[in-house]
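Novice: Each chain, letter by letter, is given below.
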Amino acid sequence: MTDEFNPKIVGFLCNWCSYAGADLCGVSRYQYPPSLRVVRVMCSTRISPKMIIRVLREGADGVLIGGCHLGDCHYISGNYFTEKRFDIAAKLISLTGLETDRIRLEWVSASEGEKFSKVVTEFTEKIRQLGPTPVKTNAEIALRLEAAELAAESFRLTAITSKEYPLNVKGNVYGEKLDAEKLRKLAHLTAEEEFERAMILTLAKRNRMSVKELASKMKVPSDRVLEHIVTLRQQNLIAMDPVEGFTPTYHTLSLGGE
Amino acid sequence: MSEQVEKPRVGVFICHCGSNIAGVVDVKAVAEYAKTLPDVAFATTNLYTCAEDGLANIRNAIKEHKLNRVVVSACTPRTHAPLFQSVCEEAGLNKYLFTFVNIREHCSWVHMKEKEKATEKAKDLVRMGVAKARLLTPQTEPRISVEKSALVIGGGVAGMTAALSLAKMGFPVHLVEKEKELGGFVRNLNNLYVTTKDALETIKPLIQEVTSHPKIKVYLNSKVSDVFGYVGNYDIKIKTGDQETKLKVGAIIVATGAIEYTKDGLYGYNVYKNVVTLTEFEIMCKNKTLPKLKSVVFIQCCGSRGQDKSYCSRICCNVAIKNAINIADNYDNMLGIAQQLGKVIPEVPAETKSPTPEISERRRRRRGRGEEAEAVEEEKLGPSDKIEITIFNRDIMSYGIDHELWFNKAREKRIRFIRYTPERRPEVIMKGDQLYVKYFHETLKVEREMPADLVILSTPLVAPPGQEQLAKMLKVPVGQDGFFLEAHVKLRPVDFATDGIYVCGTAKGPADITEAIEQAEAAASRAAIPLSRGYVQAEAIMAQVDQEVCTGCGTCIEVCPYGAIVKNENGLAEVIAAACKGCGCCGASCPNSAIIMTNYSDEQLLAEATAALKEAI
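From first to last, the protein sequence lines stand for chains P and H. Using the working numbering, count along the first sequence one by one with no gaps and you end on 258. Using the working numbering, count along the second sequence one by one with no gaps and you end on 875.
Chain P on its own, in the form it takes in the complex:
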């Protein structure tokens, strides 16, 4: 019994639907495994990709986000943003090598008590199959998650993730409504780029690194790494060390720069 893996899942539930659904689940005495630890938020839109990744970094075996059904949001459109943020979190996690099944987004209304118990039971079972989180044992994944969190925080990725929904529904300043799928591709591309940049920063924070070393560690062509380094230098996030020999090395400036 003691060897049995009891996953710890952190759940962010919105006050109006999912949390209320969990309440109803309790009132109706639907049972589920004791794996979930709930954090109540006013709306699921509150949960940024950064928070999801941070909780995984801290050692959660899984993260559950619960919101109202699309169209039923207490705050009109909050959960449409949740959808986009979750998508980007999943994208970043997929880049780290951690299983994306460790995060789940579910719409549970205040009247779906039974559904809530099913969601938690199924999700717990899924996590049991995946096993305990590797973040404490696998240094590579831990490092990549650190970079993923940094990428999630970046101005560009946050701005694009947040504007996906308004650009699709309300349109841009010219009143043009942009295609949801194209926007999603753009956001994913941004996530990939920002993740690579964050990887450079994360790696060069620990040791001075040359482009070649970075490229081999990140498994990315060196010209791409160099391109990123040019951008990062413009942003004053990375600096070149005095060149010794033939190969310049770089180190990360303390975040925020000047």
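Treat the hints as calculated values from the structure; they're not laboratory data. This one's a predicted model, so the numbers in the text were calculated from it and none came from an experiment. Worth double-checking, as some hints may not be accurate.
Subject to a maximum C-alpha distance of 30 Å in a straight line, what follows is the list of computed DSBU-like cross-link-like pairs (lysine-lysine) [unchecked claim]:
1. Lys8/P <-> Lys371/H
2. Lys544/H <-> Lys115/P
3. Lys730/H <-> Lys182/P
On the provided structure of chain P, position chain H as indicated by the hints.
Specialist: The following block gives chain H in isolation, referenced to the frame of chain P:
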């Protein structure tokens, strides 16, 4: 801010909730565990924390142990947080220094067979609560002044009632109606069920009272073109033709009503001329343009209850019964006047086809069965001899006190009720120039056909077009069916989640006039709360912009569902406290992390979440 420096002294109160929690969770062990957590100055258990002695316990402990944070570990904050918050306030503690931990609905009730694990989970949850409580800061709720006037959108029965109710309380009311007359949907109707009086006559006194009331200003042929602001301070633009009127009001009541659902091809609607909807039929009755008929068929639940719309429109059973009785009772009258005015609708089969051979044949067979006595009876009943009325239904829901009696009355008048199931819906077909209803007789289990001169479809009420636009303007939600969505389906039926905006009548779903009036009176009295008090206290769960970090990129302004963020004179984002509802969309969207959500900051949420994963905080 000086209070922030003060070291947290957390008090933890674990509730037995009788045996609801203590029957599963070892609450004593949880309390002992809580004492070991950092900054916890006091921890105890209560049999019922929400009972008076439990509350007194909290009050005393706050004073005795100089607690500056309170964690109650019991049921759900959704019902009990306000109670414990007010107890904290009584003891002089800011109510935002209180945290709720749910160990009943989320723990003891869902892990009833795993007591040990449930106790472990309860400890985790308490640890999470304490972790959050340590980071809480006191908040002051902003007080917002309220403009003492109201806007009512929609001049139907609900809108007029709400406007009149507020006006009688002494508040100036602006009533906006898009049509050229007041009255709304009722203007289409013949009579209102369980009364026989003309519908327009019934509401005329209301219209007169509204138009003559000195506090009510009526805007006919007008539309609300712009709404800006928040509870107590709405700037409204009303468009009347090319004219624009600007107003400032404190509260808004939405009473925009509903329209009847129609779909071409639905049971032959708009394909055959003598297939009409309930309301179209009422207009015919009202205008005395009813043609001579021999057989009338009503079909209930057309397009509702899972066919096109998911919901039951509630009123149609009663309306159909009313109309069926009207036909039976006033048949001669209606017809007489119709002929007098020469308004017989030409396209509907009229006298030429009567008596149709089918109907004569049916009568002959009935008499042939030796039902002579019945035939004599029919003579007395009169109309039923001249006309056959059939109501196809899935089930008749004549709910309410008088309505069931009307249903019985309809049966006495030989109006036939034939049941159908959604698997085998009746069909409307044309054979030659005679309309037939083909149906499956559920009792006899055979397919049958019935000639019909007029088929009346009971289609549901649906949200009018343009509802979404208005909803966007008001920043209120609409549900999946397009009707306005109230703040709470049970407990707050006429409020919107947005403060200062209320809803009544068919704008939030099918209702009859009695119900619309009840809702309108309710909405008016809800709106009168901020109006009569003159101020509102906003909840302090909201966004704050760190002006040092904000770069004025405007992302938050774009994502805010309430338009609660504006650019200030420095080009930076600023939150209008009264309009912010604290959802946190901007908080998660800010590319610079410049937005702090009070009580739900990144720091607090992460402290709470990560405390779940560690043995110590």
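Novice: Now tell me if each hint is right for this structure.
Specialist: How the hints compare with the structure:
no.	hint	result
1	Lys8/P <-> Lys371/H	holds, 19 Å
2	Lys544/H <-> Lys115/P	violated, 50 Å
3	Lys730/H <-> Lys182/P	holds, 25 Å
Checked against the numbered hints given earlier, the structure breaks only hint 2 and satisfies all the rest.
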